[in-house]
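Residue numbers (UniProt numbering), protein chains in the order written: chain A, 1 to 345; chain B, 1 to 345; chain C, 1 to 345; chain D, 1 to 345.
Please note: incorrect hints may appear among the correct ones.
Intra- or inter-copy, both count: the list cannot distinguish identical chains.
Claimed, not checked - The list that follows gives simulated cross-link-like pairs (lysine to aspartate or glutamate, EDC-like), each with its CA atoms no further than 20 Å apart: (1) K49 <-> E164; (2) K206 <-> E217; (3) K49 <-> E342; (4) K42 <-> E95; (5) K206 <-> D136; (6) K206 <-> E164; (7) K49 <-> E284; (8) K49 <-> D69; (9) K281 <-> D136.
Rather than coming from a laboratory, the hints here were simulated on the basis of the structure.
4 protein chains.
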Amino acid sequence: MTVRVGVLGATGAVGQRLIQQIDPHPDFELAALTASSASTGKSYREAAKWRVDSPIPEDVADMTVVATDPDEVPDDVDLLFSSLPSSVGEAVEPEFIEAGYVMSSNSSNFRTDEDIPLTIPEVNADHLGLIEVQRDERGWDGALVKNPNCSTITMVPPLAALDEAFGLTDVRVSTLQAVSGAGYSGVTSMEIIDNAIPHIGGEEKKMETESRKLLGEFDGAEVQWNDAEVAASCNRIPTLDGHLENVWADTAEDVTVEEAAEALREYPSIDLPSSPDQLIKVFEEPDRPQPRLDRNQSDGMGIAVGGIQETENGLQFNCLAHNTIRGAAGASVLNGELLLEEGYL
Amino acid sequence: MTVRVGVLGATGAVGQRLIQQIDPHPDFELAALTASSASTGKSYREAAKWRVDSPIPEDVADMTVVATDPDEVPDDVDLLFSSLPSSVGEAVEPEFIEAGYVMSSNSSNFRTDEDIPLTIPEVNADHLGLIEVQRDERGWDGALVKNPNCSTITMVPPLAALDEAFGLTDVRVSTLQAVSGAGYSGVTSMEIIDNAIPHIGGEEKKMETESRKLLGEFDGAEVQWNDAEVAASCNRIPTLDGHLENVWADTAEDVTVEEAAEALREYPSIDLPSSPDQLIKVFEEPDRPQPRLDRNQSDGMGIAVGGIQETENGLQFNCLAHNTIRGAAGASVLNGELLLEEGYL
Amino acid sequence: MTVRVGVLGATGAVGQRLIQQIDPHPDFELAALTASSASTGKSYREAAKWRVDSPIPEDVADMTVVATDPDEVPDDVDLLFSSLPSSVGEAVEPEFIEAGYVMSSNSSNFRTDEDIPLTIPEVNADHLGLIEVQRDERGWDGALVKNPNCSTITMVPPLAALDEAFGLTDVRVSTLQAVSGAGYSGVTSMEIIDNAIPHIGGEEKKMETESRKLLGEFDGAEVQWNDAEVAASCNRIPTLDGHLENVWADTAEDVTVEEAAEALREYPSIDLPSSPDQLIKVFEEPDRPQPRLDRNQSDGMGIAVGGIQETENGLQFNCLAHNTIRGAAGASVLNGELLLEEGYL
Amino acid sequence: MTVRVGVLGATGAVGQRLIQQIDPHPDFELAALTASSASTGKSYREAAKWRVDSPIPEDVADMTVVATDPDEVPDDVDLLFSSLPSSVGEAVEPEFIEAGYVMSSNSSNFRTDEDIPLTIPEVNADHLGLIEVQRDERGWDGALVKNPNCSTITMVPPLAALDEAFGLTDVRVSTLQAVSGAGYSGVTSMEIIDNAIPHIGGEEKKMETESRKLLGEFDGAEVQWNDAEVAASCNRIPTLDGHLENVWADTAEDVTVEEAAEALREYPSIDLPSSPDQLIKVFEEPDRPQPRLDRNQSDGMGIAVGGIQETENGLQFNCLAHNTIRGAAGASVLNGELLLEEGYL
């Protein structure tokens with residue numbers, strides 16, 4: 001049975017990726033597209049300047065874009081994906097949940113609120129239990145689930161594998177992030193050609209807080225955040241897609257490269273349509289993963305790790321994920337699949 | 001009085017930058033250019049494929065390139081600059097020193113040898129005292145001084161300032177390095193367009209060892225290496241010039257952002273022609289320094305620092321230097337100036 | 001029935017693309033891989049530094065690379081694809097043809113020889129008749145077919161459509177070519193980042209001669225070259241794949257934009273596995289085709305045209321094709337399919 | 001005696017280049033900076049996001065930005081430079097001229113109006129005579145002079161040299177234009193990394209009309225446009241600065257490469273501070289000029305030509321100029337110098 005879904009903020013960079021993910025999806029059927037008032041009433045083809053490097057799906061192209069308003073979305077839509085700007089999402093998402101919609105959102109608002117599940121299905125699917133908490137506390141009929149920021153999601157699966165096996169104490173991460181992470185117009189060409197920018201507003205804080213919530217324990221009532229120290233340094237570089245990260249993970253126990261590689265490779269995936277068979281791919285070649293060569297593995301949903309080395313206090317390694325697929329649209333779709341699997345739809 | 005100088009390995013990327021630095025130099029006069037046998041006997045114009053973005057100096061263009069052999073270099077040349085490939089340098093540099101030449105070398109061979117001074121004049125000019133040790137031990141008439149690797153030189157001045165003021169305990173550094181650091185043909189376009197490579201062979205080790213030697217104490221006989229832990233993670237990105245680095249510097253004493261900024265700004269420069277008036281420029285803007293905007297400050301000889309933040313154990317900051325000027329050719333020229341100043345010529 | 005095929009020069013950039021095309025092919029089965037002596041005896045995985053952005057096919061990875069010598073290729077191989085350097089191809093390709101092999105070659109040698117068919121199957125499949133001529137003249141048992149240069153192949157299908165409909169008199173073309181056209185190491189990053197190079201050795205001549213042969217008439221004995229004037233100006237730009245070309249096509253008859261678009265859209269394709277259903281896609285949007293967005297249409301085998309305008313003497317338009325697929329490996333595979341279809345295997 | 005000057009639209013990309021040009025100018029002194037209402041009342045340092053790769057001049061940084069209104073500009077300002085958006089310029093520039101100001105404008109409005117001089121001082125300084133015509137016709141006290149579009153200005157000096165010597169009949173030009181030509185935010189990074197865009201709105205028309213006006217004859221009353229056919233095809237590529245153009249120039253007389261090179265080299269410059277000693281530099285190397293290597297020659301005010309070849313009907317060649325210096329800010333400053341020289345201030 002197919003679930004009818006809607007996309008809030010359908011014309012942006014992540015919105016386009018959402019449509020690319022949902023259009024061929026076995027369980028989801030696109031039934032509503034919303035955008036800001038400049039696009040309302042237009043066909044999606046007119047409203048969106050389509051820039052994904054596969055053609056715009058023909059049936060989606062002819063859909064009419066509606067306003068981002070619960071009254072404009074058909075009642076038989078069961079699941080909403082949100083890629084609204086966070087300032088918009090903060091105001092509008094609760095209106096939809098109050099109206100009874102179940103929503104998987106990529107927007108950054110509410111991610112660290114106590115009663116909002118922030119989930120990567122392979123890592124902390126049980127945090128979905130917070131939906132009961134949020135319904136109790138907020139009187140919501142619907143449900144709201146968030147996926148983390150694209151830079152956070154890249155490192156958390158390997159950190160979760162290492163934490164489980166060896167105990168994390170201290171994490172430092174330096175990122176080399178692709179321009180698509182800032183949206184279509186976020187980084188101008190004059191800013192980034194032959195250049196790098198050692199600052200992405202708010203990003204370091206997101207990595208430091210979201211990762212500790214994701215790696216935390218849900219005790220049935222609340223999430224006890226992981227108490228590892230996490231410090232991030234974020235950089236924008238001239239790549240289109242794929243965030244590469246250098247991580248130092250200090251561990252409670254001593255660990256060898258081989259033990260780490262094994263823990264990473266054997267970290268379990270989850271049986272959902274968009275989740276890869278093997279979640280974490282470990283490269284032996286010291287110069288991998290690389291954004292252009294490795295971002296598309298497992299249809300952009302894989303996490304790649306390489307360059308594992310022992311340090312004084314633990315390990316250092318590099319990790320990579322496709323920031324607009326695994327780090328945004330695909331992450332939301334995967335959370336939607338989890339909501340379906342767990343009976344929330 | 002002008003010193004007649006020669007450049008060994010004059011046709012490569014660093015060799016061209018050396019010529020660009022030396023040609024207008026107040027104290028140095030180009031008197032010999034050497035290269036491999038393919039170039040011998042040709043005019044420099046023919047032998048070098050000039051790619052620096054200022055024109056080839058006309059008088060240099062007409063000089064004849066000779067073999068990299070002490071017999072081919074005129075006797076009245078007093079100072080040699082070497083940008084030979086390290087495998088060549090290892091064999092050939094000693095021949096020149098034995099023949100009595102004084103050499104400032106950018107090549108990586110011998111850098112961590114006990115009796116070879118590895119110097120950044122503003123940081124550890126006193127290590128030049130090792131020349132007496134090397135003459136004693138090796139029976140050399142000449143002298144050999146090395147400058148560090150381009151990625152090392154970018155972070156060592158700020159680390160020296162912080163070590164002096166607050167005591168360094170642990171350093172982790174992640175680099176975003178320009179393609180020119182690999183030489184003209186070192187990185188192909190297909191490797192790096194829309195990409196980053198999280199590995200530069202041997203580079204992490206160089207940063208970890210050279211920095212500890214540079215920050216060490218010379219006691220008149222040998223250098224006691226600094227005992228801070230240093231761990232590096234090196235990346236190549238699609239920038240032409242300018243290495244950007246994210247540094248975590250754990251310190252023995254607590255330190256505020258303001259104290260750190262002051263220690264960096266007030267770290268003394270040295271009175272040599274190529275040294276900037278202020279060695280370390282500290283940016284207030286969180287998104288600076290950036291390679292394209294800041295690599296040319298102080299004619300490419302400045303060190304730029306920004307993004308200073310307090311952490312649990314000390315500080316994190318970003319630093320930047322022009323890798324083929326401050327990090328290579330200019331570093332060698334500056335060491336040449338120090339040799340002249342200190343009476344070794 | 002599957003045809004067993006071999007790839008000569010299998011480790012290079014085009015060789016890798018050939019393997020990517022042939023591995024899933026319905027009619028072809030990889031049975032031999034050759035390379036230069038440095039690779040002989042190694043597994044393909046070891047010999048090739050695989051850089052295509054899909055994984056190396058596992059069964060191919062374990063094949064052993066042999067020397068480029070007819071004695072080293074198994075006798076039951078029926079078809080060879082050659083992506084040898086042209087200087088090597090000139091010496092070695094005839095040895096294979098003399099030994100009875102049928103070869104589809106991407107190498108530039110022999111392309112304008114009178115008895116060598118230079119074919120784009122959708123445009124001039126009948127030129128394959130030259131095989132009889134070459135067998136008569138050279139006493140060959142096998143057969144040799146060439147595909148044109150990647151920059152030529154991009155413009156010839158639209159020129160053929162316009163020539164047939166309106167008669168070409170004069171062609172001027174300016175190219176914006178991707179770095180992959182020069183092979184993996186052909187363009188260094190220092191040459192091309194923030195730059196363009198208005199010269200590609202020999203390329204203009206190839207475009208001017210090959211296009212006139214391709215557009216010529218085969219009368220059963222020889223090809224009468226098309227007598228349109230063709231002048232080319234070739235540039236390298238910082239794109240990875242996809243050659244974009246600005247064309248002025250002066251025509252004998254007056255032609256409107258609509259008539260031109262119709263002639264292009266209706267130009268027939270051919271019924272071979274690698275040929276697209278519609279050969280030439282015509283964009284209405286004035287800013288298309290673009291290399292990154294449009295190079296992969298029809299699995300990289302389509303020709304895209306846009307920006308059609310009327311001029312004083314005919315038309316101007318832009319065209320685009322994927323240079324290492326439609327312009328090299330895919331072009332060779334398509335010629336192989338034509339050889340199979342036409343009974344030469 | 002120093003002329004006090006103002007810059008209209010001082011915060012944009014061209015405005016910043018104007019300030020970089022004017023600040024060290026021997027004859028001009030910055031006395032007024034205007035911008036849109038968002039910047040009014042702020043210091044220039046605050047109002048402009050300075051992105052030129054030399055530091056912001058300290059004295060300029062502290063100037064207060066005023067509204068783009070004749071009442072806000074001090075009366076003792078004698079010359080205005082305008083880099084307003086053309087839609088703004090169309091409304092506002094006449095207000096300043098009516099108020100008596102003399103203006104050198106880079107904005108595209110009015111460029112092809114009959115009574116507005118469009119000048120490149122080395123090419124058609126005599127067109128300044130149109131100022132009398134415009135004063136008569138419009139009742140203006142001040143004067144308005146325009147410089148051409150950046151892509152036009154690159155090719156017109158070589159075309160003027162060839163027209164004078166051999167007679168131009170037909171010109172076709174294909175451009176490879178840098179992103180800075182579209183202003184700081186004009187081209188996003190996602191649009192242009194690993195890509196090229198074969199369309200720049202209105203640009204082809206500008207090249208076709210402006211060039212014919214520039215190459216026309218001023219008879220004392222009006223400019224008789226040159227009657228050569230000019231057709232342009234414009235492309236944006238991932239370069240920061242420097243427009244490269246492939247030109248076919250058909251000529252009335254036969255011409256050899258040597259004759260063409262001589263006519264280009266000997267085309268006279270003009271004796272103004274910003275004009276280079278030699279206007280057109282002719283490269284012998286077939287792969288020059290290149291944007292990154294050659295855009296800064298003669299402080300960015302030179303025109304570089306290379307790749308000259310004979311064709312059936314004349315010549316083909318490549319040309320290059322720095323688009324925001326020679327093609328915009330420097331062009332305006334040079335026109336300002338001409339106005340001063342000719343006594344209009």
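Hint by hint, here is what the structure shows:
1. K49 <-> E164: Neither: 44 Å inside a copy, 36 Å across copies.
2. K206 <-> E217: within (19 Å within a copy, 41 Å between copies)
3. K49 <-> E342: Intra 35 Å, inter 44 Å, cutoff 20 Å: neither.
4. K42 <-> E95: Answer is neither: 24 Å inside a copy and 40 Å across each miss the 20 Å cutoff.
5. K206 <-> D136: Neither, since 27 Å and 58 Å both go past 20 Å.
6. K206 <-> E164: Answer is neither; intra-copy 22 Å and inter-copy 33 Å both fail.
7. K49 <-> E284: Close across copies (14 Å), not inside one copy (40 Å); limit 20 Å.
8. K49 <-> D69: neither (22 Å within a copy, 37 Å between copies)
9. K281 <-> D136: Neither way: K281 and D136 sit 40 Å apart in one copy and 54 Å across, limit 20 Å.
Violated hints, in rising order: 1, 3, 4, 5, 6, 8 and 9; the structure is consistent with all others.
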